[in-house]
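Join the two chains, each given in its own frame, into one complex according to the hints.
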Amino acid sequence: MIHSGKTSPTDWNLLFLCWLLAGISTLGSLFFSEIMRFPPCILCWYQRIFLFPLVFLFTTGLFSGDKSVARYALPLAAAGWLVAAYHNLLYAGIIPESIQPCSQGVSCTEDYISLFGFLTIPLLSLLSFSLILALLLILNRRFGR
Amino acid sequence: MKKEVVYLAGVFLILLFVLGGYIYKNQQTKKLGFLSREHAEIFVRKHSPTLGSDEAKVYLVEFMDPACETCRAFAPFVKKLLADNPGRIKLVIRYAPFHDGADYFVRILEAAKKQGKYWETLEVMYQTQPYWASHHNPQPELIWRFLPGAGLDLERLKNDLNDPAIGQIIAQDLADAKTLNVTKTPGYFVNGKPLVTFGDIQLRELLEAEIAAQYPR
Chain V
1 MIHSGKTSPT
11 DWNLLFLCWL
21 LAGISTLGSL
31 FFSEIMRFPP
41 CILCWYQRIF
51 LFPLVFLFTT
61 GLFSGDKSVA
71 RYALPLAAAG
81 WLVAAYHNLL
91 YAGIIPESIQ
101 PCSQGVSCTE
111 DYISLFGFLT
121 IPLLSLLSFS
131 LILALLLILN
141 RRFGR
Chain S
146 MKKEVVYLAG
156 VFLILLFVLG
166 GYIYKNQQTK
176 KLGFLSREHA
186 EIFVRKHSPT
196 LGSDEAKVYL
206 VEFMDPACET
216 CRAFAPFVKK
226 LLADNPGRIK
236 LVIRYAPFHD
246 GADYFVRILE
256 AAKKQGKYWE
266 TLEVMYQTQP
276 YWASHHNPQP
286 ELIWRFLPGA
296 GLDLERLKND
306 LNDPAIGQII
316 AQDLADAKTL
326 NVTKTPGYFV
336 NGKPLVTFGD
346 IQLRELLEAE
356 IAAQYPR
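Line by line, the protein sequences are chains V and S.
Mapping the first sequence onto this note's numbering, position 68 (from 1) lands on 68, and the numbers just tick up by one.
Mapping the second sequence onto this note's numbering, position 140 (from 1) lands on 285, and the numbers just tick up by one.
Chain S on its own, in the form it takes in the complex (with noise of 0.2 Å):
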């Protein structure tokens, strides 16, 4: 008798568990939606920088760190993701630099926008990350030497380094990211609804789902 207490008691206190997780995940999902609708500027501001058309109806939001192994790893992905449906699928790209020291390299990164070459130093600095972002000994320096891959003027990329603005530009998506709950690198939004379960496939049917309901056969 007393152990079917403790058996229903467990029972009970899990589902409760799971219940409320469920209730939880449904509401933030809703309140996400919300917030599309009524603060889309939280998922897009305007200095954020975007990849693919501007008529495109599907937004994917990625809340990303230069230093993040996992970023890195689903940059091709990403990639493959828009070549997949062309035209359809907009990529903003929002920071959330985690990891230690890696506001240096989205500065790098806003500084190299400002020459245009934006995404060719992104592919840069995720091509050789392991080499300047070992974890037991980071060398932010190491950098350098990969940045004239990208065609990048390094004089003015010095320069344009410590520009406030893009202190500002950090500090706004952390903020951001914080309203949205990113906690983890990369953090990903299509329309406003986050991915919940974590992977690239979870990943490619949320896009496609949102694919499916903005453009209908």
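One chain only, chain V, in its complex shape (with noise of 0.2 Å):
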């Protein structure tokens, strides 16, 4: 049976650090809006949305240890890591100013803190994206053998 049954300790321990990512990031991401003050952006909020309910997700999951939360949870993953990218894309500069959605409003590539010189907060979430998602491909394709 591809995909159900219970997570071995590996698995488990993987999906564990999932979870951790995703909580990280949640807990971060609530301190730069609801501490700092950081008011976030329309693409911030888009990330938000996919980032928040992996918490939820996965803390499910490694109650139930039940193997098909990796698979509910990559579609989340991966719409997160792309609107991430397209973040840092338009914070880089690379894809112009002119057509980012959120000219209203709070600026997408207003710069409010990078830590050590590079890491700003759009590539803080697609690291935390990255990551999550490479443990999530790992997972499905173990579960999958």
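Careful, some of the hints might be misleading.
[Said to hold, decoys possible] Taking lysine-lysine and the BS3-like style, the derived pairs with C-alpha atoms no more than 27 Å apart in a straight line are:
no., chain 1, residue 1, chain 2, residue 2
1, S, Lys338, S, Lys224
2, V, Lys6, S, Lys147
3, V, Lys6, S, Lys148
[Stated by the list, open to error] A few chain S positions that, by computed beta-carbon distances, are all more than 10 Å from chain V:
no., residue
4, His184
5, Lys191
6, Ala201
7, Lys224
8, His281
9, Asn282
10, Phe291
11, Leu302
[To be verified] Listed next, the stretches of chain S that the computed footprint assigns to chain V, with coverage defined by at least 3 CB atoms under 8 Å from CB atoms of chain V:
no., region
12, 148 to 156
13, 165 to 172
Derived by calculation from the structure, the hints in this document are not laboratory data.
Here a beta-carbon is modelled for each residue, glycine too, at the ideal position from N, C-alpha and C.
Quick look at the structure:
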């Protein structure tokens, strides 16, 4: 049977890593908006839409040990990754500002923080989605066998 | 066992979040305290309209937007705070016109200031705000119907509206708002201390604490 049944200890650990990444990212993004009071731009909101549910999905998966969580979480992580990739292209100026969808309200290319000189908020998001996506792909492959 | 790991990690992350928030806010308050001592001009510029006695030791700085509903709702409350502590509080108005087209109303206010009718105009503006600032259908021109109520010379006002100096005032205030991390209006500072949790009771407490510190019995 593909994609059903219980997770092995290794799978569980990988899933736990996904949960940690999603949890840290969620709290981090809430820290930026609620504590540091950076207003999230539209693209940030789309990434949040795909990120926040992952925490709950992974929590349920960890508790039930159900393999199918990897399959259900994959589209969310993939969509989040796409938005994050687009956001970074905008931020880096590879896609011109003129076609960015958020001319009103908060700018998607405004520089808020850059840790160590290069780590911006959109890059953090892309990093997190990439890691989650990679882990989920590994998990799906393991479960597919 | 595995469940415990998840619980522990979850509790740990949330604790980290709360602790981080606490540390960050403390740091911000310290930084603002420093700014208010060393760079008081960030809070009060020469051009800033003020209300209250020059002898007052407590400065209430309000970053406001004439088109902001909450600023309007807070106006009577701030007025009462001033009245309750005569001579002790000085209100400083700073502009943070975040609403679309709110610059226009700041221009009217500043032009009215030249006629010595600043506070009257602000009062009229707040009172009539629902007519001209409705969110689905803003009609800035409607304000002109109400401006005579402030005793203004409208012709002169129209001439003064486009004074480039007003543009500079707005730009300076917006720059200071950014420095002080004001992203929402109204944004209050009492002698440089920010209103951390927003609310009328919190503002009163912050003011009263500062008054008690500046005017020991």
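Evaluated hints:
no.	hint	verdict
1	Lys338(S) with Lys224(S)	20 Å, holds
2	Lys6(V) with Lys147(S)	14 Å, holds
3	Lys6(V) with Lys148(S)	15 Å, holds
4	His184	20 Å, holds
5	Lys191	28 Å, holds
6	Ala201	29 Å, holds
7	Lys224	27 Å, holds
8	His281	15 Å, holds
9	Asn282	17 Å, holds
10	Phe291	28 Å, holds
11	Leu302	29 Å, holds
12	148 to 156	holds (count 5)
13	165 to 172	holds (count 4)
In summary, this structure violates none of the numbered hints.
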